[in-house]
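Just so you know, the sequences run in chain order Y, U, L, A, G and F.
In this note's numbering, each residue carries its 1-based index in the first sequence increased by 421.
In this note's numbering, each residue carries its 1-based index in the second sequence increased by 421.
In this note's numbering, each residue carries its 1-based index in the third sequence increased by 421.
In this note's numbering, each residue carries its 1-based index in the fourth sequence increased by 421.
In this note's numbering, each residue carries its 1-based index in the fifth sequence increased by 421.
In this note's numbering, each residue carries its 1-based index in the sixth sequence increased by 421.
No lab work stands behind these hints: they were computed from the structure.
Heads up, a few of these hints could be off.
It does not matter which identical chain is used: a pair holds within one copy or between any two.
As the list claims (entries may be wrong) - Result set (EDC-like, lysine to aspartate or glutamate): computed pairs, CA atoms no more than 16 angstroms apart in a straight line:
#, residue 1, residue 2
1, K423, E466
2, K471, D490
3, K436, D490
4, K462, E445
5, K431, E466
6, K471, E449
7, K423, E449
8, K431, D490
9, K431, E449
10, K471, E445
11, K462, D490
12, K423, E455
13, K433, E445
14, K435, D475
15, K462, D475
16, K462, E449
17, K433, D490
18, K433, D475
19, K436, E472
Keep in mind it's a predicted model, so treat the numbers as computed, not measured.
6 protein chains.
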Amino acid sequence: MKVSARNLLKGKVKKIVFGAVNAEVTIEIAPGVEVTSIITKSSAENLGIKEGSDAYALIKASDVMVAID
Amino acid sequence: MKVSARNLLKGKVKKIVFGAVNAEVTIEIAPGVEVTSIITKSSAENLGIKEGSDAYALIKASDVMVAID
Amino acid sequence: MKVSARNLLKGKVKKIVFGAVNAEVTIEIAPGVEVTSIITKSSAENLGIKEGSDAYALIKASDVMVAID
Amino acid sequence: MKVSARNLLKGKVKKIVFGAVNAEVTIEIAPGVEVTSIITKSSAENLGIKEGSDAYALIKASDVMVAID
Amino acid sequence: MKVSARNLLKGKVKKIVFGAVNAEVTIEIAPGVEVTSIITKSSAENLGIKEGSDAYALIKASDVMVAID
Amino acid sequence: MKVSARNLLKGKVKKIVFGAVNAEVTIEIAPGVEVTSIITKSSAENLGIKEGSDAYALIKASDVMVAID
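Same shape as in the complex, but just chain Y:
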């Protein structure tokens, strides 16, 4: 499948924390650079990801804000 979302950042799952409904998935996309995602627990289970799995963070361009110091 190919998706319209512009940002597809390849990495490895570093940590998954399961809540009752949601799961917090941390993906390391470059050495020392991590992206945290909250998805439903059932989505995480369907994907079959675990720590060390290859995974992508997928983000729509319109959901990325820009900030400066």
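Given the structure of chain Y, go ahead and fit chains U, L, A, G and F onto it with the hints provided.
Just chains U, L, A, G and F now, with coordinates in the frame of chain Y:
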């Protein structure tokens, strides 16, 4: 200012394309890893960013999806 | 690729309207039921979709609101 | 009330699962076509929806991605 | 219609700027407090709003971030 | 830090309800006008906010819908 959004990825603005209303801002957050953002043109102007500026990509964890091959 | 977003609605592209930056894509997901999407023009071009193409509308569960009359 | 969101998909509530804070609401919008929504538990209670209720899935066009096989 | 989104802020349309595809709508929700919205031009036209119209800003709780100085 | 999101509404935290993973933060942005936010519990803790704290509600313009009666 400190913001609740979980992902604050530091980088440098690599490219800005201005449309009539929106601007597409590409930030390099690690060597060879880029994040593309669409913000309003007036926001980009208010921030005063240009190619080469230090900038952050700021993303809520609930806006990050996870994908696998 | 397999994505964490919960709603993957299969259909056919019924209409695409290109703007300067964005494209408005209408997908018929059941007879008489259409979903309208706004994605960047370059995303639409990368996907190579045109009227009549098979396509999916992909939506995160947290982006779906519920309404009643 | 009339809302600017472009996609208003009429259907029937097929399932509601209540968590501590959130509720997962599944709406059947065409025979065999379901949309899953996550809203706060208090919103679900305020709407007074239950299985079998008429309801709409309401989605902004900019929250709909497009995917192809 | 009653919608699950938690924040329904009543006010008056103060300004509408139409682009080719989108419209920027500014609603004054309290004296001196304004909320800016970007919706599609066709949504703005369908709502029939103009400067001075009564209108609501409608926002999902999960789309509101919190910041501090 | 300065952020591209268009709506930065100054107020005071009126209530925080902590769940297992999320926190619901209510900010009064004008007398009698409240905005409710759902952020992760760890974000709320990192910000160090409590009832009575000065805080901002920060919202992207593209996440604000418009509604009329």
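Of the hints stated earlier, which fail here? Violated hints (numbers, rising): 3, 5, 7, 11, 12, 15, 16; every other hint is consistent with the structure.
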